[in-house]
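Whenever a hint applies, use it, and build me the whole structure from the sequences.
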Amino acid sequence: AGGSCCRGRTPAPLFSFGVIADVQYADIPDGRSFLGVPRYYRHSLAVLRRAVRSWNAHGGVRFCVNFGDIVDGFCPRDRSLAAVREFDGFRGGPAYHMLGNHCLYNLPRSDLVSELRMPSPPGRAYYDFSPWPGYRFVVLDAYDFSAVGRPRGDPVAAAARRFLEERNPNRDKNSPSGLEGAARRFVMFNGGVGGAQMRWLDAVLRGAAARGEKAVVCSHLPVHPGAASPTGLMWNYEDVAAVVRRHEGRVVACLAGHDHRGGYAVDDRGVHHRTLEAALECPPGTDAFGRVEVYPDRLRLVGSDRMATTEMPLNSSSSSSDDEYQIG
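According to the numbering used here, the sequence shown is numbered sequentially starting from 489.
Hints may contain errors.
Below, simulated EDC-like cross-link-like pairs (lysine to aspartate or glutamate); rule was C-alpha separation at most 20 Å, straight line [what the hints assert, rightly or not]: (1) K702 <-> D785; (2) K702 <-> D756; (3) K702 <-> E736.
I should point out that these hints are in silico values taken from the structure, not numbers from a laboratory.
Written as C-alpha cells, this is what we have:
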C-alpha cells in the first residue's frame, strides 16, 4: 500500500499558493545579462499578468508569493511600482513579497518595505505567517547583511563591504573572477542573513515545532549549493542550513529565486530546495510561473511552460531512493 501512484480520483490539495520569481520589469528594450542570456524586460509584465489570471482561475489558490526582483535596476523610478500593482488583481488572498537585489538598486529599503506591504515591523523585511492550520511560512530578508540598498555610510553597508574585501580580490565586487566553487557567491549582488534575523528564524521554527507545524522557508537567495549556481547562493547559506537542521523534520522545503535558470535538490535531511525559473527570461509567448499544491504527504509545484513541474514528497529521508524526487 502507499506509494506515489494513486488509482481513481486524485484527492484535492489542502491548499495551493501561486509562485513567481524575478519579473524584473522595466519599460526598456530587451537586453542581455552579463553572461549573454536574453532578457525580455517588457514581456515579463505580461508573464506576471498571465500568472495572476491563472491563479484566479484555480479557486484553491489562497495566496501568492513573489520571490523578489519585481522590478529591474534599470526601471525608471516613477514606473517601479507598476509591476507591484499587478498583484492587486489577484483575488485569492494576500500577495507576499521579499526583497531582491534589483528592488534595492531601484528604491530605498524603507520605501520597499512599505510599498510591498510586508506584514513586518517598520524597516524590517522578514516575517512569517500561517495560511493554513499546521503550516508556517517563513520569509527571509536575504539582503539583511548587504552593501546593496543602504546609504554608503550605513554601518551595515560598511561591514558588508569589509566582508567582501576579505573574500573577493576583484576591483569590481560584482565579479566572481578568480573565485572557485562556492566562494563565487561572495559578490556584491548577493547578501546574507544577519544575527538578529538568524535568532528570529530559530525562534519561529521553535514555535512551529511547539505547534506541530510544517515550515516552508522562502528567500530571494537560494540556501543550498545543489539548487543554484555558486554565484547565486546566499553568503551565509550554511548558517541558515544549520538553523534548519537544528529543527530537523520541521522545514519541508526552501523556495528561492535569483538564479534565473532555476534548480532543484534534496538535502541530506530530506528538505526540498527549489529555485524558481525567472519570468524575465521568457521569450514572448512563453511563461514561467506556477502554483504549489500542498497535500498531507507532499508538495507539488505545477509549473507553467519554462517553470518545471516538481514533485516533493514530505515523507522523504536520507534513506529514500533518488528516483522518488522528480523534476520535469
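A quick look at each hint next to the structure:
At most 20 Å may separate the alpha-carbon atoms for a hinted pair to count; K702 and D785 meet this at roughly 11 Å. Taken as a hint, the K702 and D756 pair is honoured in the structure, with Cα atoms around 18 Å apart against an allowance of 20 Å. Using a Cα cut-off of 20 Å, the hinted pair K702 and E736 holds, with the two alpha carbons roughly 11 Å apart.
In summary, the structure agrees with every hint in the numbered list given earlier.
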